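S.K.: Here are the chains, one letter per residue:
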Amino acid sequence: MREITRHALFWPVVALVALLAANTIYRPDFLGVTILNGHLFGAPVDILRNAAPLMLVALGMTLVIATRGIDLSVGAVVAIAGALSLSFIATSPNPGSVSTVLLAIAIALGVSLVLGVWNGFLVSVVGIQPIIATLILMTAGRGIAMLITEGQITTVTSPAFKTLGSGFWLGVPVATLVAGSVFVLVALLVRRTALGMLVESVGINPAASRLAGVKARTIVWTVFALSGLFSGLAGLILASNVMAADANNAGLFIELDAILAVVIGGTSLQGGKFSLSGTFVGVLIITTLTLTVTIVGISPLVTPLFKALVVIAVTLLQSPRIRESFAARARRRAARPEEVSV
Amino acid sequence: MTSSETAERPVVQMTGISIEFPGVKALDQVDFRLFPGEVHALMGENGAGKSTLIKALTGVYGIDAGEILVDGEPHQFSGPGEAQSAGIATVYQEVNLCENLTVAENIMLGHEPRRLGAIDWRATRREAARHLATMGLDIDPASSLGAHSIAVQQLVAISRAMVVDAKVLILDEPTSSLDADEVAQLFAVVRRLRDEGVAILFVSHFIEQVYEISDRMTVLRNGGLVGEYTTAETDRLQLVSTMIGRSMEVLEDLHVSTAHTVAVEEGSTPYLQAVGLGRKGSVQPFDLDVYSGEVVGLAGLLGSGRTEVARLLAGADRADSGDTRINGVPVRLRNPRAAIGSGIAFSSEDRKAEGVVGDLTVRENIVLGLQAGRGWMRRLPARQVDEIVDKYVAALGIRPANPRALLRNLSGGNQQKVLLARWLATAPELLILDEPTRGIDVGAKAEIQKLVAELAERGMAVVFISAELEEVLRLSHRIAVMRDRDKVAEVVNTDDVRVDDVVELIASGGKH
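As you go down the protein sequences, you meet chains A and B in turn.
FYI, the numbering used here numbers position 172 of the first sequence as 172, with every residue one higher than the one before it.
Adding 1000 to a residue's 1-based position in the second sequence gives its number in the numbering used here.
Everything labelled a hint here was simulated from the structure, so no lab data went into it.
Predicted model, so just to flag it, every value in this text is computed and none were measured.
Wrong hints could be hidden among the right ones.
[What the hints assert, rightly or not] Under the rule of at most 25 Å between Cα atoms (straight-line distance), these lysine to aspartate or glutamate pairs were calculated in the DMTMM-like manner:
id: 1; chain 1: B; residue 1: 1167; chain 2: B; residue 2: 1082
id: 2; chain 1: A; residue 1: 273; chain 2: B; residue 2: 1359
id: 3; chain 1: A; residue 1: 215; chain 2: B; residue 2: 1457
id: 4; chain 1: A; residue 1: 215; chain 2: B; residue 2: 1008
id: 5; chain 1: A; residue 1: 215; chain 2: B; residue 2: 1350
id: 6; chain 1: B; residue 1: 1055; chain 2: A; residue 2: 324
id: 7; chain 1: A; residue 1: 215; chain 2: B; residue 2: 1349
id: 8; chain 1: A; residue 1: 215; chain 2: B; residue 2: 1317
id: 9; chain 1: B; residue 1: 1280; chain 2: B; residue 2: 1317
id: 10; chain 1: B; residue 1: 1391; chain 2: B; residue 2: 1457
id: 11; chain 1: A; residue 1: 215; chain 2: B; residue 2: 1386
id: 12; chain 1: A; residue 1: 273; chain 2: B; residue 2: 1386
id: 13; chain 1: A; residue 1: 215; chain 2: B; residue 2: 1082
id: 14; chain 1: B; residue 1: 1025; chain 2: A; residue 2: 3
id: 15; chain 1: B; residue 1: 1055; chain 2: B; residue 2: 1350
id: 16; chain 1: A; residue 1: 273; chain 2: B; residue 2: 1390
id: 17; chain 1: B; residue 1: 1167; chain 2: B; residue 2: 1008
Given these sequences and hints, build the entire structure.
M.R.: Here is the structure:
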């Protein structure tokens, strides 16, 4: 039992279960999943589908944070990727064709990767602090997206593109499948290669890592590039969900949600050890929370307040000091009967 | 122990203290007493539990069993702040002060005299000056702390501890980075405080210093209490054997194996050749040859440029003049990575900041250098990693022998062994060791010295730096003498070369 409560993911999972339980009390059929027209339907499916873009962004953010960095530009990259893909489809002669859509996706992902590489260049070569370096793209990126959409909210009709955000495959939302596969790929990438260990090493002690011969520059560059790429993919899913490129609002504040998810998942903002599964739970908590607010009927305007409360609760429960004091209390309680018997 | 002492009540009495960390029993039923007006040395190898005992006393760690009496009252501090208000002040190994603040601010931090709610800076400086005067320290309280030497900073740290009128002063390795004069200065202060009735707990790896300053000693080994001794009645050999708990074979072995025979053939090419290598503001251009199978010692005082030479050779700093040749071929060592690629391994003197990756496991730390060389895409196969790790954990006697333990949970000596393992795993041709034995215990020190001798015998080139001249002399075939950031002399080490000769070279700057 002690083993379980000490596990890094114990409290985040407890928070998630508590949230789900609260929703079930409010709406007893909350956890129910039905099959409608061969597709899975229900709140859990919604959560998994809505979580997909945040999951992608948070994956990249986890790796960036593990190297002691931060990527504030993810929301802007989301907007650029959406704007690029939809503008390309809108201006193409055949918006519905699969080849057009694939090309649009390739262009958007390519540009997102370049943007990530740009961030990595500023941080690892020029030596700008990550928060400042990515702030540049965070503000400039929305302007770029505006240029691409020429200030309009571009709407298009392309069933093939719509599949990415709203489609189902074998009954499961395509967005969930995409995010899930990327998650598995990244998990394999960091743990089957040495990337995970070297990322942690650079995050824990950059000076020692340098002397040990770790190519910190390449490592940092790689994680920023991945963060850009994953944000672009998230942008495609979000754009395909609404089939409109809104340069101002697409992915707005997603960087904050992603950072929250990473922190809830137990990866320290000081860098070092990271947990992808922790980030996964963190993303689910945040997405569930957003849905809860809708279900309970609270104005979406106060959603941030609820997020803040959950984040405070979970991070407090995870802090070593608080846990220590809990443990000490438990030990004292356990010790008392012995004293009586002596 | 004298009868007067027994009559007195100890200011600190710890009984049956046990502390357990996951997988490690750090302290097991340890008793400890500290009397007013004594200097009490806490002795033991790395990992014996000295730091843990101090942290138990000052409330950094909670104790799992036992009792702590301060002035006869049971206490269980929840942190150093609480311990301090009860009169127990600690000065740690690494100076815990703010370099960018003034001396006065550092001393009075949190105790500044106030007037109308605001800090009275003039009174603060006056108070600080008074405390400095009691230490016999004549420095300007308004000067920035960073401008002073480590020794002065150490004394400032003690002044700071005494601001609260401490009854107990804990000095954890206060002398590890001080030179002889500075140690004398520190000891004068310690004696004065002792005569005023302060109980002083002194931790040091320097046995001579312990004999010079302490009245009594408590020896710990592997988290357990070995005994309490009166310093004057215990001889050095006895102390060292109780500390390491085994015969002195290792140490004696080494004396035999250090015949100063140079394994270098006439006219052969040195493995590494530095020609006019230098860096502005760091070290004057110097020439240095290091042959395979040879240990080259760098001797000199703290700040003489020993470390700077090592850093240039290892590519940790970039040279702005001169050449480096490996096997006669010029190479450019732009960064440590390039040096590693050329077969050079460099173990920094600053273990904590530049060596240890604390939150990674022992296993990961050992293979870090090797893996970094392969890049992140080609991960070392787990079986190969296991082989390497098992080999070095056994060969170097790393304790605990648990590759999954986090490196930060190991003692200093064992961390050093892990770092050595990291470098040896890269199979270097040249090993540069900057103060590899600093702050580690006698046993580990002897083991590391022995290892260095063996590596050279097997054909590795070694550059060995140590503040202890005896050690440099014992291990080196050739000694380069550094002074004021300049290489001033080079001597071939024969049996006739004595420590005094090297000291004289340092003092004279090589000019007779």
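S.K.: Now, for every hint given, state plainly whether the structure supports it.
M.R.: Verification of the supplied hints:
Distance check on the hinted pair: residue 1167 of chain B and residue 1082 of chain B sit about 14 Å apart at the alpha-carbon level, within 25 Å; holds. For the proposed pair residue 273 of chain A and residue 1359 of chain B, the alpha carbon gap of about 7 Å is at most 25 Å, so the pair holds. For a cut-off of 25 Å, the pair hint linking residue 215 of chain A to residue 1457 of chain B is broken: about 33 Å separates their Cα positions. About 61 Å separates the Cα atoms of residue 215 of chain A and residue 1008 of chain B, which puts this hinted pair outside 25 Å; it is violated.
At roughly 21 Å between alpha-carbon atoms, residue 215 of chain A and residue 1350 of chain B fall within 25 Å of each other, so this suggested pair holds. Taking the CA atoms of residue 1055 of chain B and residue 324 of chain A, the gap is near 16 Å; set against the 25 Å cutoff, the hint holds. As the CA atoms of residue 215 of chain A and residue 1349 of chain B are separated by approximately 22 Å, the hinted pair is consistent with the 25 Å bound. Among the hinted pairs, residue 215 of chain A with residue 1317 of chain B is consistent with the structure: their alpha-carbon atoms are about 16 Å apart, no more than 25 Å.
A threshold of 25 Å between alpha carbons decides the hint, and for residue 1280 of chain B with residue 1317 of chain B the separation of about 11 Å falls inside it, so the pair holds. Between residue 1391 of chain B and residue 1457 of chain B the CA atoms are separated by roughly 19 Å; this keeps the pair inside 25 Å, and the hint holds. Straight-line distance between C-alpha atoms of residue 215 of chain A and residue 1386 of chain B comes to about 24 Å, which keeps the hinted pair within the 25 Å bound. Distance hint between residue 273 of chain A and residue 1386 of chain B is fulfilled; the C-alpha atoms sit about 21 Å from each other, no more than 25 Å.
About 44 Å separates the Cα atoms of residue 215 of chain A and residue 1082 of chain B, which puts this hinted pair outside 25 Å; it is violated. At roughly 18 Å between alpha-carbon atoms, residue 1025 of chain B and residue 3 of chain A fall within 25 Å of each other, so this suggested pair holds. The straight-line distance between the Cα atoms of residue 1055 of chain B and residue 1350 of chain B is roughly 23 Å, inside the 25 Å bound, and the hint therefore holds. The hinted pair formed by residue 273 of chain A and residue 1390 of chain B meets the criterion: a straight-line CA distance of about 24 Å does not exceed 25 Å.
Taking the CA atoms of residue 1167 of chain B and residue 1008 of chain B, the gap is near 15 Å; set against the 25 Å cutoff, the hint holds.
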